[in-house]
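Trainee: If you want the building blocks of each chain, they are given just below.
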Amino acid sequence: MRSLCLLLLLSLSTVWAAGQEILPFDDDGQRKLYQELTQQLRCPQCQNQNIAESNAVVSIDMREKTYELVQQGHSKQEIIDYMIDRYGYFVHYSPPLNALTIMLWLLPVFALLMMLLFMLRRKKQQQQLISSNAPLEQELNAIIDAYRSKK
Amino acid sequence: MRNWMLYTPLAIFLGVSIFLFTGLFSDPWTRDSALLNRPLPEFDLPDLMQPEQRWNRELLTGEPFLLSVWGVWCPTCKAQLAFMEQLKEQGVKVVGLYYPLPVDPAFGEHFSLGQLQRDVRQQLQQFGDPYQFNILDENRRMSMDLGVSGAPETFLVDAEGRIRMHHVGDINPRVWRQKFEPAMEQIQDQSDTLVQQAEVNQIGASH
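Line order of the protein sequences matches chains A and B. Counted from 1, the first sequence has number 120 at position 120 by full-length UniProt numbering; the numbering is strictly sequential. Counted from 1, the second sequence has number 142 at position 142 by full-length UniProt numbering; the numbering is strictly sequential.
Be a bit skeptical, because a hint or two may be false.
Derived coverage of chain A by chain B (criterion: at least 3 residues anywhere in the stretch with Cβ under 8 Å from a Cβ of chain B; other residues may be distant) [said to hold, decoys possible]: (1) 56-66; (2) 136-144.
Here's a subset of chain A near chain B, in silico, CB distances under 10 Å, partners left out [as the list claims (entries may be wrong)]: (3) 43; (4) 87; (5) 88; (6) 90.
It should be emphasised that the hints constitute simulated quantities derived from the structure, not laboratory data. Every residue gets a Cβ at the ideal spot worked out from N, C-alpha and C, and that includes glycine.
Work out the full structure: start from the sequences and follow the hints.
Mentor: Okay, structure coming up:
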């Protein structure tokens with residue numbers, strides 16, 4: 001059993017390390033930037049993997065280029081723009097804000113507003129239902145009073 | 001008010017159904033290339049067969065051509081060679097951009113030009129040779145500048161050196177008829193009007 005666990009652990013570690021090369025960096029900031037970028041850039045060849053996970057040739061090339069650009073001291077946005085310039089917006093996991101994608105942000109807000117409106121309206125209707133019926137309320141009060149005075 | 005409320009769930013259901021139904025037929029591989037209508041990127045690369053001959057952007061501009069990204073390792077590229085050879089016979093200029101593949105990507109590049117030339121020559125003899133010449137994309141940097149994610153991919157470049165189409169996948173009679181022929185005609189029309197304009201300008205200048 002223990003050996004089986006060990007085996008499982010070992011096999012997991014190789015899966016995790018598959019897309020990772022050991023690369024020398026001057027400082028931890030650059031290493032962090034490289035790791036962030038390779039996780040946020042999407043492999044154009046595979047349908048849903050980032051370039052850190054993928055071992056497609058194009059992902060390897062993109063990792064190399066990212067490393068090169070990080071080493072040259074480019075900023076995160078510059079490197080993302082470099083990739084978008086070649087592979088389109090598909091390559092970055094956060095979509096740009098434009099006429100087509102604005103729906104992604106507006107639709108949830110719109111739905112929330114509609115629900116709030118609906119709830120407020122219903123509450124108002126219920127209140128109206130009670131307050132608009134004054135004679136009924138008087139009648140009810142009279143019955144309650146009669147019931148109490150009996151005791 | 002009540003009637004309206006009654007039909008809302010149905011309307012939402014129909015909307016979602018139609019959206020998901022169209023999704024069944026959408027192809028996740030087709031997306032607009034970032035390079036459309038942009039000039040071909042700068043490059044300076046050797047010829048695959050005569051490495052002393054070097055190619056660059058200026059040498060390629062002047063007439064429309066197809067830039068076909070391919071490699072002997074790619075079976076789909078092999079399959080399209082015969083049809084593309086027919087295109088060459090019809091007068092279409094096809095330039096190959098050779099996409100070399102490392103033997104094992106995880107262990108770095110092992111590359112022998114002599115072996116590659118032999119493999120290429122053999123494959124082109126066997127299956128058809130549509131290429132006027134082949135450019136060897138060392139390190140695949142040109143392919144990265146072109147946003148190439150694999151092979152085969154084909155670019156249609158016009159006479160001014162601008163990319164007019166980026167096709168991912170093979171070239172077959174159907175794709176050629178539906179996608180490339182209309183684009184080729186458009187380019188032809190544009191260059192015709194350019195020539196006419198130039199002639200008009202010349203006539204104007206000579207008077």
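Trainee: Compare the structure with each hint and give your call.
Mentor: Checked hints:
no.: 1; hint: 56-66; result: holds (count 7)
no.: 2; hint: 136-144; result: violated (count 0)
no.: 3; hint: 43; result: holds, 8 Å
no.: 4; hint: 87; result: holds, 5 Å
no.: 5; hint: 88; result: holds, 4 Å
no.: 6; hint: 90; result: holds, 5 Å
Violation of the numbered hints given earlier is confined to hint 2; every other hint is satisfied by the structure.
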